[in-house]
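S.K.: So the chains spell out like this:
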Amino acid sequence: MQSKLLELHFSQLQFEWSKAKYNNYSDLRKKDYHTKLATIISAIEKENFQILNDTEITQRFHVIDFLFKSLEFLNNSTTSTIPFEIVYVLSEALKDWSSTDDYIIVTSLINNINGFSFDNSLMFNDFIYSDIELLYDVKFEKKLVQINLPLSLSRDYLANVVLYHELGHFIDRKFEITRVIYIEILNSVASGKLNTNEQAEILEYFPYLSDDKMFSWLKDNYNPFNLFSNHIAEYFCDLFASQYIKNCSNHYLEYITLNQKNYSITHPSTTNRVNFVEMFLKRTPSFLVEHFENITYKITGVNVENKLAEVDSKNFESLIPVEIQDGKELHGLFIYGWKVWLDPWDNIKKQSNIGFDLSQVKVYEILNNLIEKSIGNFIVKTEWKLAKSS
Amino acid sequence: METLLSKPNGSLQNQVSMILNKEDVNKLIGNKKLVISPLLERDQIGELTIDFRLGYNFLVTIHNNNPFLDASLNNDDKFPLKSSFQETRRLLGDTFLLHPNQTVLASSLEYIKLPQNVYAVLSMRSSYLRMGISISAIVQPGYCGCISIELTNINTIPINLTIGAAIFQARLYNANATTNYFAKKRKYMCQVRPVASNVNDDNDLKELNKIWKNNNHL
Amino acid sequence: MLYSHNLEDEKINLFILFLTKAIQGDQSYAPIVNDVILETHKYVAGEKNLYNIKRDSMNIILLLAGLEADYFKNIADNPEQYDNKIYSKVLNLLALQKSHMAY
Chain A
164 MQSKLLELHF SQLQFEWSKA KYNNYSDLRK KDYHTKLATI ISAIEKENFQ
214 ILNDTEITQR FHVIDFLFKS LEFLNNSTTS TIPFEIVYVL SEALKDWSST
264 DDYIIVTSLI NNINGFSFDN SLMFNDFIYS DIELLYDVKF EKKLVQINLP
314 LSLSRDYLAN VVLYHELGHF IDRKFEITRV IYIEILNSVA SGKLNTNEQA
364 EILEYFPYLS DDKMFSWLKD NYNPFNLFSN HIAEYFCDLF ASQYIKNCSN
414 HYLEYITLNQ KNYSITHPST TNRVNFVEMF LKRTPSFLVE HFENITYKIT
464 GVNVENKLAE VDSKNFESLI PVEIQDGKEL HGLFIYGWKV WLDPWDNIKK
514 QSNIGFDLSQ VKVYEILNNL IEKSIGNFIV KTEWKLAKSS
Chain B
29 METLLSKPNG SLQNQVSMIL NKEDVNKLIG NKKLVISPLL ERDQIGELTI
79 DFRLGYNFLV TIHNNNPFLD ASLNNDDKFP LKSSFQETRR LLGDTFLLHP
129 NQTVLASSLE YIKLPQNVYA VLSMRSSYLR MGISISAIVQ PGYCGCISIE
179 LTNINTIPIN LTIGAAIFQA RLYNANATTN YFAKKRKYMC QVRPVASNVN
229 DDNDLKELNK IWKNNNHL
Chain C
282 MLYSHNLEDE KINLFILFLT KAIQGDQSYA PIVNDVILET HKYVAGEKNL
332 YNIKRDSMNI ILLLAGLEAD YFKNIADNPE QYDNKIYSKV LNLLALQKSH
382 MAY
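These protein sequences, in sequence, are chains A, B and C. Quick note, the first sequence lines up with residues 164 to 553 if you use our numbering. Quick note, the second sequence lines up with residues 29 to 246 if you use our numbering. Quick note, the third sequence lines up with residues 282 to 384 if you use our numbering.
One should not assume that every hint holds.
DSS-like mimics (lysine-lysine), calculated; alpha carbons at most 30 Å apart, straight line [as the list claims (entries may be wrong)]:
no.	chain 1	residue 1	chain 2	residue 2
1	C	LYS329	A	LYS232
2	A	LYS477	B	LYS234
3	B	LYS61	A	LYS551
4	B	LYS241	A	LYS512
5	B	LYS213	A	LYS502
6	A	LYS512	B	LYS238
7	B	LYS50	A	LYS477
8	B	LYS234	A	LYS491
9	C	LYS370	A	LYS461
10	A	LYS525	B	LYS50
11	C	LYS329	A	LYS544
12	A	LYS382	C	LYS323
13	A	LYS525	B	LYS234
14	B	LYS50	A	LYS337
15	A	LYS461	C	LYS366
16	B	LYS234	A	LYS544
17	B	LYS50	A	LYS551
18	A	LYS305	C	LYS335
19	B	LYS215	A	LYS548
20	B	LYS212	A	LYS193
21	A	LYS513	B	LYS241
22	B	LYS212	A	LYS512
23	B	LYS238	A	LYS513
Here are some chain A residues the structure puts well away from chain B; computed CB gaps all over 12 Å [stated by the list, open to error]:
no.	residue
24	ASP190
25	THR218
26	LYS232
27	ILE245
28	GLU364
No lab work stands behind these hints, which were simulated from the structure alone. Ideal Cβ placement from N, Cα and C applies to all residues, glycine included.
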């Protein structure tokens with residue numbers, strides 16, 4: 164690779180850095196991260212690209228990509244409109260699976276109505292961190308992970324339940340759960356030991372496995388983006404989300420997919436996804452659900468189970484936030500919020516003695532406000548209690 | 029000299045607004061007629077006042093193409109008020125710098141719901157009055173939501189405010205008559221973040237706009 | 282990312298780079314590549330399984346195991362014995378495979 168191209172790539176970074184170097188963070192962890200980026204950039208500036216060999220030039224390309232991505236994440240995190248309530252709730256869920264001490268979670272609001280995602284591109288590649296340490300003697304103790312939210316829905320707590328599904332992708336990636344399920348299902352089918360019901364269930368959720376050619380191709384050609392991988396990952400993430408929000412993600416799913424009856428290369432049919440979650444929630448005996456549960460437990464040591472506390476309240480109908488007592492109730496809030504949205508809105512009118520018709524947008528606004536404030540109050544009270552006790 | 033409040037049979041006493049004391053307030057909270065959430069410290073409820081804390085959401089005015097804040101309908105919504113405000117958020121314990129002559133819309137950390145017969149009169153706590161910030165507002169009986177406050181720094185130097193600090197107070201008064209806050213359509217309902225003025229939704233402005241058009245043969 | 286198509290692609294590219302560096306005599310990269318080779322050996326030898334092999338390099342381990350299980354089965358379980366011959370073999374396996382890989 165030509166050193167001139169590397170110079171171009173690094174010039175782009177320097178140009179970006181000329182502004183980003185003045186970024187100011189109140190969070191000390193981000194400050195530390197920023198300082199480390201500065202150290203690496205300063206070290207690269209001193210290098211003579213002309214004398215680097217091809218391998219060394221390629222290494223720098225990877226490092227500069229890492230620096231660019233890090234800056235992109237940090238730049239986004241300076242926004243002053245972060246919906247920190249939803250980030251807090253997701254962090255609570257994340258703690259069930261992994262220590263959050265290893266991560267710095269940043270948030271980006273993007274101009275895409277379906278733009279819910281976890282960007283984990285700086286999370287799961289130990290090689291790049293090893294390389295940076297060997298080249299520049301800089302060690303990153305914490306890694307950046309970015310939660311992306313649609314700008315226009317950043318305060319929509321009904322839609323934001325989708326982020327539990329996205330958190331599932333993050334956990335899946337961390338533990339490579341889909342990869343194992345992929346192999347185990349194909350092995351089970353190939354073993355010939357499945358009974359008729361088990362075989363029928365597998366074919367219901369992965370109909371293309373009945374095709375011998377397709378089966379062989381999938382067995383020999385693993386790829387994280389083939390349809391079997393994609394479908395397993397989607398079922399896993401639906402299952403994952405339902406531990407926290409029961410079937411609420413189905414409501415949103417049915418809305419965004421218009422209840423898609425057929426599968427695509429990226430997603431199973433909505434009907435199957437909804438049924439899969441229902442089997443888990445209703446504890447209907449299911450070979451596949453049990454398979455997913457067992458494999459997840461064997462890898463992570465964490466049971467796939469109900470991880471929420473239901474909110475038994477009429478507060479929203481009375482137009483007041485819920486007093487959350489236990490962190491698990493934070494997840495239950497979304498279920499309660501969806502319930503109020505789906506129930507007749509006359510319940511709110513009667514309970515609060517409202518003398519005019521509530522428009523849908525007013526209910527939407529009220530519900531989102533009350534969910535946000537219920538979470539916000541829990542955060543404030545928790546932080547206050549912690550400060551007083553220390 | 030006898031005062032209105034000291035009439036022996038209490039008949040006149042019942043006709044004037046009575047300020048609620050600590051015991052009254054605690055009783056209302058106890059029977060869930062008054063909601064203040066979160067109430068981080070019980071001593072926020074004083075003998076005659078309740079301290080409220082600065083919340084973490086703000087709306088600040090920004091310079092844009094609008095030449096002014098337009099509280100009329102005579103310009104066909106060419107200068108929408110909302111576009112002159114920008115939202116910014118902080119975390120508990122962070123600070124917010126209030127510049128001289130700047131008006132910032134903020135809200136209380138606490139979400140409140142007032143009883144149907146109690147209203148609140150707001151003022152800054154004296155420590156903040158002394159720095160040059162003033163507010164003056166009334167919260168109507170039955171109101172629910174965070175309290176919107178308009179902070180203006182009338183000092184000549186910026187003031188650095190801490191999010192979560194108790195900066196203003198409310199005196200609660202008995203309104204004698206019970207009213208229903210939600211009997212008519214409300215512009216502000218269950219607000220938890222400050223909201224830019226909805227003055228252009230005022231029916232009065234619509235009528236005044238018609239008069240202006242008639243008078244000018246428009 | 283400007284350079285890499287995706288995370289797995291980047292991981293494999295970096296692993297290939299590390300192998301190259303090790304072959305070129307930069308011993309600081311040897312422990313990283315040794316770790317992956319040893320883990321692959323343990324997996325094909327049955328000492329480790331799908332559930333406990335290292336997650337971050339799992340796809341490379343499974344890829345190598347799938348390409349030539351017998352080779353990794355018979356490789357020494359002492360990384361100190363790994364040398365340029367082994368690194369070159371692994372590098373060739375990956376280089377050959379990479380041209381067919383979809384990711």
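S.K.: Please go over all the hints and tell whether each is borne out by the structure.
M.R.: Now for the hints, and whether the structure bears them out:
no.: 1; hint: C:LYS329 with A:LYS232; verdict: violated (34 Å)
no.: 2; hint: A:LYS477 with B:LYS234; verdict: violated (38 Å)
no.: 3; hint: B:LYS61 with A:LYS551; verdict: holds (29 Å)
no.: 4; hint: B:LYS241 with A:LYS512; verdict: violated (38 Å)
no.: 5; hint: B:LYS213 with A:LYS502; verdict: holds (24 Å)
no.: 6; hint: A:LYS512 with B:LYS238; verdict: violated (34 Å)
no.: 7; hint: B:LYS50 with A:LYS477; verdict: holds (28 Å)
no.: 8; hint: B:LYS234 with A:LYS491; verdict: violated (49 Å)
no.: 9; hint: C:LYS370 with A:LYS461; verdict: violated (33 Å)
no.: 10; hint: A:LYS525 with B:LYS50; verdict: violated (35 Å)
no.: 11; hint: C:LYS329 with A:LYS544; verdict: violated (46 Å)
no.: 12; hint: A:LYS382 with C:LYS323; verdict: holds (22 Å)
no.: 13; hint: A:LYS525 with B:LYS234; verdict: holds (22 Å)
no.: 14; hint: B:LYS50 with A:LYS337; verdict: violated (54 Å)
no.: 15; hint: A:LYS461 with C:LYS366; verdict: violated (36 Å)
no.: 16; hint: B:LYS234 with A:LYS544; verdict: violated (44 Å)
no.: 17; hint: B:LYS50 with A:LYS551; verdict: holds (24 Å)
no.: 18; hint: A:LYS305 with C:LYS335; verdict: holds (19 Å)
no.: 19; hint: B:LYS215 with A:LYS548; verdict: violated (35 Å)
no.: 20; hint: B:LYS212 with A:LYS193; verdict: violated (49 Å)
no.: 21; hint: A:LYS513 with B:LYS241; verdict: violated (41 Å)
no.: 22; hint: B:LYS212 with A:LYS512; verdict: holds (12 Å)
no.: 23; hint: B:LYS238 with A:LYS513; verdict: violated (37 Å)
no.: 24; hint: ASP190; verdict: violated (9 Å)
no.: 25; hint: THR218; verdict: holds (45 Å)
no.: 26; hint: LYS232; verdict: holds (25 Å)
no.: 27; hint: ILE245; verdict: violated (6 Å)
no.: 28; hint: GLU364; verdict: holds (46 Å)
Hint compliance for this structure: hints 1, 2, 4, 6, 8, 9, 10, 11, 14, 15, 16, 19, 20, 21, 23, 24 and 27 are broken, all remaining hints hold.
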